[in-house]
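For the protein sequence lines, the chains are A and B, in the order given. For the first sequence, this note's numbering gives the first residue as 2, with consecutive numbering after it. For the second sequence, this note's numbering gives the first residue as 15, with consecutive numbering after it.
Derived by calculation from the structure, the hints in this document are not laboratory data. Yeah, the Cβ is synthetic: ideal placement off N, Cα and C, and Gly gets one too. Don't take every hint at face value.
[Stated by the list, open to error] Chain A residues, not near chain B, derived (Cβ > 12 Å throughout):
hint, residue
1, Ser12
2, Asp36
3, Val174
4, Leu318
5, Arg330
6, Leu342
7, Leu352
8, Glu441
9, Lys546
10, Asp554
[Stated by the list, open to error] To give an idea of the chain B side of the interface with chain A (calculated C-beta under 7 Å), a few residues:
hint, residue
11, Ile174
12, Val179
13, Arg180
14, Phe184
15, Arg307
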Amino acid sequence: MLKLSKKILISLALIAFMGLVFRTLWLDRILPNPDWDEVSTGWNAYSIIKTGSDEWGVRFPLLFRAFGDYKLPLYIYLVTIPIRIFGLSIFSVRIISALIGTLSILFVFVISHIIWKDSKKSLFAALLMAASPYSVVYSRIGLDMILASGLILLAILSFMQFVRKRIAWLFIVSLCALVISLFAHNLARVIAPLLLAAELFIGIFYLKKTKLMLVAIIPICIGLGIVFLQFRSGGLSRMKQIGLFGEQKGAVIQIREFREDHKNNLYSRLTENKASFYFLSILEQYIGHFSPIFLTQRNDPRISQQGYYPPLYTIMLPFYFIGLLLIARNAVIESDKTKRLLYLFFAAWILVSPFPSVITDGAPLDRRYLGALGTFEILCSYGFFSSLTLIAKVNQRKIAALLVGVVLCFEIGLFVKYYFGDLPRVWDYRFGFESKSICEYLKSSPQYRVIVSHHLMSEPQVFTAFCTKFDPKTFQETRKWEEKENWFFTRSYGRFFFPDTMNEAALDHAKDTSIVFVGRDEYLLAVTYLRQRNIRFVETSTFPKYGTDEEKDKKRVTMILINK
Amino acid sequence: MIKYIKHNIALVILIILHLSLLVWRLNGVPNSHTPEEVIWLKTLPWVNSFFVLRCVGAGISTFFIIAAYTVRKRFEKKQLALFIGTLPFVFAPWLFLLGKFLTMQTFVALCIVGLGIFLTGRKNITSITVGMFVVAVIIFRQLIFHDAFQQMVDLPQNIIRLVDVRQLFFIGESNSSSLRIPKTGYFLFVDLFFLFIGIISLFRMNKNNLKSIIFFLLMSIGWAIWYPLDHALATYSQIFFLFCVTHVIGAGYVRLFQDLYVKRLFIPAALICCVIVANIGFYQDMFYSHFDRHVSHEWGYAEETVLKELQGKKNIATVLVSVDSSKILEYLPAYRFPKTVFLRMKSKEITREVVNQCRREETVCVIKEHELPAFGLTKETAHTIRYYGGLPAYFTL
Chain A
2 MLKLSKKILI SLALIAFMGL VFRTLWLDRI LPNPDWDEVS TGWNAYSIIK
52 TGSDEWGVRF PLLFRAFGDY KLPLYIYLVT IPIRIFGLSI FSVRIISALI
102 GTLSILFVFV ISHIIWKDSK KSLFAALLMA ASPYSVVYSR IGLDMILASG
152 LILLAILSFM QFVRKRIAWL FIVSLCALVI SLFAHNLARV IAPLLLAAEL
202 FIGIFYLKKT KLMLVAIIPI CIGLGIVFLQ FRSGGLSRMK QIGLFGEQKG
252 AVIQIREFRE DHKNNLYSRL TENKASFYFL SILEQYIGHF SPIFLTQRND
302 PRISQQGYYP PLYTIMLPFY FIGLLLIARN AVIESDKTKR LLYLFFAAWI
352 LVSPFPSVIT DGAPLDRRYL GALGTFEILC SYGFFSSLTL IAKVNQRKIA
402 ALLVGVVLCF EIGLFVKYYF GDLPRVWDYR FGFESKSICE YLKSSPQYRV
452 IVSHHLMSEP QVFTAFCTKF DPKTFQETRK WEEKENWFFT RSYGRFFFPD
502 TMNEAALDHA KDTSIVFVGR DEYLLAVTYL RQRNIRFVET STFPKYGTDE
552 EKDKKRVTMI LINK
Chain B
15 MIKYIKHNIA LVILIILHLS LLVWRLNGVP NSHTPEEVIW LKTLPWVNSF
65 FVLRCVGAGI STFFIIAAYT VRKRFEKKQL ALFIGTLPFV FAPWLFLLGK
115 FLTMQTFVAL CIVGLGIFLT GRKNITSITV GMFVVAVIIF RQLIFHDAFQ
165 QMVDLPQNII RLVDVRQLFF IGESNSSSLR IPKTGYFLFV DLFFLFIGII
215 SLFRMNKNNL KSIIFFLLMS IGWAIWYPLD HALATYSQIF FLFCVTHVIG
265 AGYVRLFQDL YVKRLFIPAA LICCVIVANI GFYQDMFYSH FDRHVSHEWG
315 YAEETVLKEL QGKKNIATVL VSVDSSKILE YLPAYRFPKT VFLRMKSKEI
365 TREVVNQCRR EETVCVIKEH ELPAFGLTKE TAHTIRYYGG LPAYFTL
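The following block holds chain A by itself, in its conformation from the complex (with noise of 0.2 Å):
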C-alpha cells in the first residue's frame, strides 16, 4: 500500500473532486445531442434490463448487433445500473464513463508513485489528468472507450505494485483487468494481448515467476478464445469498414496507381506491392501519434465523435519529449533492476498504445488512441520536474515553474471555456439537432403514426425509442429491417416507419392522422405530394437556436401533421 502523508492525502482529494466536476458537471446538457452510439448503448441497457435480451432478442449478448458494428457488451452492461436507479436517460448511459474518468485520475497518480515514489511527481500526473481535455471528453461520452482506458490503467498499476512487491494476487488483478478489458472496447482487444505478452515476458524471463505466469495462459487463452469466436461470428465487421487493410482501402488504391505508371512490370511489382505500402502507412501513421501537430492541434470542430481538444496542452509539450527520452534512456541504462523493469514497462505502455489506431485508416485518430491516457500526464509531470532540476539555484526554479503554471492555468482556463461554453452551442446545430427536435415533439405528441426517413437523420429508430422509452419487448416483436452491406437498417417498429428518404412511398404509410418529420431537403417533395392529394396537414418548423442564417435553415425540421 502506498503510505502518503495527509497534506498528500488532501491534495489528491482536491485533484480528483475536481476531476469530477470536470467530468459530471451538466453532464446531460453538454455535449447537448447524445450521438447514436450513446443512445444505441442506453437503449440496448434498457433492452437487457426490461427483457433480458437485447434489441434483436438475443438474451445476454457477449456482443451486441446493434446497426451492425457489434458493440462491445461491458459497458452496456454497466449502464444497466444507472439506467435502473435513475431511469433511462442520457445521464445514465454517460455517467458509468464520467466515474471511471475520475477513477483514472487516481490510477495515474498511484502510477506515477510507483514508478518514481515521488508525491509532487505523481500529485501533478493527477492534475494533468483531471484536466487532461482528452479525458474530460471521452469521460463525458456515454461510450466504452474510457472504460477500457481506465481497465488499461489498472491492468498497469497493478502490475507495476507486482514488479515493486512480487505479491502473487497484484499480478492476477493485472490480469482480470485485460482479460476484462477485451470486452469494453476493441482498442483493448489490440493493446490488451501487446501487454500481456509483455507481462508475461517479464514475468518469466526478469521475475522468474514461471509458475505463476503458466497458470496465467488459463484465463488469457479463455478470454482471447471467445474474442476470436466473436471475430469470426461478424465481430470484425467494425474492423473491416475501418480497417486500413482492405482491396478498396487507400493503400491498395494507391498501389493499383503506381503500378499503372510503370505499367504493372517485375518491378513495380517487387517494389510497389502491400507489404512495401503498408509497412510504410503503418509506419508513417505510428510517427504520428508521437507528431506535435497531432499532440497539440486542435481537431476540426466540424468532425463528430472527435476530441477537438488534442491530448496535451501546449506547453507540456517540450516536457512531454523530455519524458520520453528520459523514460528510454532510464529503460536502458537504469541500475537499479526494479526500477529498470519498471522503465521498460512503461515504456512497452506507450510503445504499444498507437497500435489500435495505427491499423485504422486516416490515423492517428484521438478516441483510438485511448489507451495512452496516463502516458501523456506521467511524461509530462516526469519531464517538467526533470526539467526543473536543470535550474540551480532555487529561487529561479520556482520562479520558472510559476511561469509554467500560470501558462497551463490559461489553456485550462481555454479548455474549459470552449468545452463548457462554445463547443455546446457549436455541437447544437451541427450535430443532432434532428434527433432533439424529433425527441422533443415526440414526448409531447399524441400516439399517432410517425414517418422519419434514414435522409433526415441517421438510425433514427433509437432515437425515438429511446426518447419515448418504448416498450423492448414490442420493439423486439414488431421491428422490420433490411441488411446492406452487413449494416441493418431498421424500417419500421410499433408505429414508427423508417423509410431511406421522403418518397411517395414513403408517405404512402401515413395513414388517419401521422406525424411526418422532414428536413429542408424533403420538404418540398412531402408539401407537394400532399396538395396533389388534397391531403390536409398542419407544419411546425423548428430551427437550431444558434449558427448563421443559412445554416440555420438548412438544419430546419418540419414536422407535419397529417389528417386523412
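Starting from the structure of chain A, add chain B where the hints point.
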C-alpha cells in the same frame, strides 16, 4: 589547387555524386517548366535553353553541399568523417528536388545559409552577432511582409509544425504539391533514425561546438517559424532549417558508423548501408516514374503542349485564351510565334461575340472544360489537351 583538392577530396567526391544525381534526366523530369523558369530563360542572356537553365539550378544546389561541408569541417578533421557527415545532403530529397529546376528562392536560401555560416563561424558568438542577425531578420521581414501581427499569432503553431517529424519524413511539402515527390518527405525515411542518433551525439560535443550548433539551429528556426512547414520548398524560409536538420542527421551518420567501426560490426554497417541505398532507390523511382504523373497539373505540361501544338499550325492569326486558361500566356515568352497574336478574353463570361470569333478559320480559342457548353460542345467533340496524368486540361477550338 591540386593540394586543395587533395585535402578536400571528400568534397570533390560529394560534388560529383550530387551533380551526377542531378544531371541525370535533368530536362526529362520534371517534364515541363515553371513560369519562373520561363522568365529566367528570357532574362539571363547567356541561357539559351531550359537544360542550361536547369544546370544553373543544379549548380546552386551544389553550393549547399559546399556550405554543408564548410560547416562540418568545423567539427571534423578526417576526410572520411567529413564525407559521411555530408553525405545526407547529397541524397536529401529536398535538396535533390531543388536542384532539378531553377528558382531564385533557392539562391536566396543559399545566401541566408551563407549568412548563418558566416555568423556562426566567428570565434566568439557575442551579443553583437546575435544583434546583427536579429536586425537582418527584422529588416528582411519588414521589406518583404506587412501582416506582421498575424504572423506573430501564427508563431506558436508554426514552431510546432516545424518540428513535426511526420511532416519532415513522410509528408513533405503538403501545401505545394508541385514540389512533393510522392510518398517522400523532405528526408529519407531512414534518416529519422539517424536524426535521433544525431541529437544524442550533439549533447556529447564540447561546449563551444555545441554552443555554435545551437546558435546555428536557433538562427534557422528564427528564419523558419514565419511560415508553416508545408511551404518549406516553395518559399525560401525553411530551407535553412532543413539544412540544419540534415546536419544533425549527418552527425547521426558519423556517430553510428564510427561506433560500428570501433566495435568492428561490419555486417550491421553493411545492412544499414543497404537500407539507405534501398530508400534512395525508392524515392528516386518515385521521382522519375511517378512525380510527373502526379503533379503535372501543377507544372506547365499542358500549357507547353498547347503552345507546341499551336506552333505546328500554319495560318493562325489569333489565339484567343479564356480568362481561366490564361496560365498559358505565362509560357508564351519561351515559344516563338512571329505571326500569331495571343489575346486574353476580356471577361470570364463567354459572350456571343467570342463564340462567333472562335468560329473563324484563322482563330484558335483555348478554353477550359466548364466553358465548353457556351460553345455548344462537349468533352468528346472538342480537341482535348491533357495533363501528363491523363486528365483533360484545355480544349482548343
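**Study point:** Contradicted hints - numbers only
**Key:** 4, 5
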